Every structure is written in C-alpha cells, then in structure tokens.
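Those sequence lines, one after another, are chains P and Z. Note that this note's numbering has the first sequence beginning at 13, numbered continuously upward. Note that this note's numbering has the second sequence beginning at 473, numbered continuously upward.
Hints listed in this document are in silico derivations from the structure and should not be mistaken for laboratory results. Check each hint, because a few of them may be wrong.
[Said to hold, decoys possible] Straight-line C-alpha distance at most 25 Å; calculated DSS-like pairs for lysine-lysine: (1) K483(Z) with K529(Z); (2) K529(Z) with K489(Z); (3) K53(P) with K483(Z); (4) K29(P) with K15(P); (5) K29(P) with K80(P); (6) K15(P) with K489(Z).
Please read these numbers as outputs of a predicted model, since none were measured by experiment.
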Amino acid sequence: ELKVEQNPLFLSMQEGKNYTIYCNYSTTSDRLYWYRQDPGKSLESLFVLLSNGAVKQEGRLMASLDTKARLSTLHITAAVHDLSATYFCAVDSLLSSGSARQLTFGSGTQLTVLP
Amino acid sequence: GAGVSQSPSNKVTEKGKDVELRCDPISGHTALYWYRQRLGQGLEFLIYFQGNSAPDKSGLPSDRFSAERTGESVSTLTIQRTQQEDSAVYLCASRERLAWGKTTDTQYFGPGTRLTVL
Chain P
13 ELKVEQNPLF
23 LSMQEGKNYT
33 IYCNYSTTSD
43 RLYWYRQDPG
53 KSLESLFVLL
63 SNGAVKQEGR
73 LMASLDTKAR
83 LSTLHITAAV
93 HDLSATYFCA
103 VDSLLSSGSA
113 RQLTFGSGTQ
123 LTVLP
Chain Z
473 GAGVSQSPSN
483 KVTEKGKDVE
493 LRCDPISGHT
503 ALYWYRQRLG
513 QGLEFLIYFQ
523 GNSAPDKSGL
533 PSDRFSAERT
543 GESVSTLTIQ
553 RTQQEDSAVY
563 LCASRERLAW
573 GKTTDTQYFG
583 PGTRLTVL
C-alpha cells in the first residue's frame, strides 16, 4: 500500500523567510503533484512533477522531485502572507483494477505566514 | 461552467438517513473521481469513473456507499444509513482523457460538499 508522508504538518513562519516542506512516499512512482487548499475551498493544482530531477517554479514556490529517494520538496522563498494555506502532495499510482491512476495524498502542511 | 461543480455545498443530516451528493465535471472530461476528506486530513480515494467503463470502486469504505455516472456527465454519490463517521468533505475531481487514450496529468477539483451527520 502506498503511503505518503508530509512534514511538517504545521508550519508557522514570518514573512520574508525561507522554508521547505517535505513529501516522502513509500513505493515507486514517477508522478507527483502539489496542491494548495485555502480554508473552505477546494484544491488548486500548483505543480505536476513527471520525472526524476524535475524542478518547477512559480513565483515564490519551487517544487522538485527525486524519484530514487522517493522525495519531493516544496520550497518557499521570502514568504508572504498570501501563501498561507494548506499544501498537499499527492503521488500518482495505479488503481487496483489497473484501469487508471489515482492520487494518494499526504496529510497536508498547514502553512501560516505571519506579518 | 468553467470548472467542476458540486451540490449541495453543505448538507446536515441525521444519523441513519440517506444522502445524495452531486458532481458536474468539466465538459469533455471523461474521467471522474470521488474523494473524501476528513477534518485536518488528506484526501481518501473513493471511486473512479472512466467513460462507459465499469467504475473502480476499490476505495469505497462500505456497502453503504455507492455512486453512479451516466456516460461522461453528472455523477451522484449516495451514502445510505449515514453514520457520524461519514462526516467529511466529499470532493469530486475530473480529468481529461485525450483522444489517443492518455489522460492529462492534472485532476481538477470541485469545491466539495461538506457533510455533517448528527
């Protein structure tokens, strides 16, 4: 059974600081996703990482994937208050029927950026 | 509409009652997923539909849960004889399937239905 672990689960940081969220997963996969969720809202896709060594950046967020280590990171540079949200990583895996893929989610990292 | 829509947005019900949740996927998206998100947790996969193929029900937690989808349109998730542990946000997501049989890599999520079982 695929397990996806994120840490930290809660992160409080000051504006302007840098920090990294980690996502470890237990079985081989070459697709990993990062989503953002604001309170009471649905999930917004941030990044799709499709291969070992993939790195993607959007604004103050940068995501990377190391499939050999089964690790993805989401790095936050010079945080601003607008980045406060819950961030989920999700790993792509085959459904038991083999018919398609599903996402297995981590528990999420609740990020609070303090002014 | 431009995105995945779900209704109702909130549902409060009494233990033992049946509830039906609705999902309208993005037009043209043939793949549809239902997930459950308990408070403070990640998403749990429930069921997957792809076109007219038999759904993958491997994530359904019990036989009280069922879902239907007609073709590539609306889907309904039904929970019978609701229990308090069914309280959660139920999220629907759709994904495009390209003509040559490959899916794109992003699932687009609806706003969810928050179910509270008293």
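To see whether the hints hold, each was checked on the structure:
1. K483(Z) with K529(Z): Holds, at roughly 23 Å.
2. K529(Z) with K489(Z): holds (22 Å)
3. K53(P) with K483(Z): The given pair, whose Cα atoms are some 16 Å apart, holds under the 25 Å limit.
4. K29(P) with K15(P): The given pair, whose Cα atoms are some 30 Å apart, is violated under the 25 Å limit.
5. K29(P) with K80(P): It is violated: about 29 Å lies between the C-alpha atoms, which goes past 25 Å.
6. K15(P) with K489(Z): Roughly 33 Å between the alpha carbons, so the hint for K15(P) and K489(Z) is violated.
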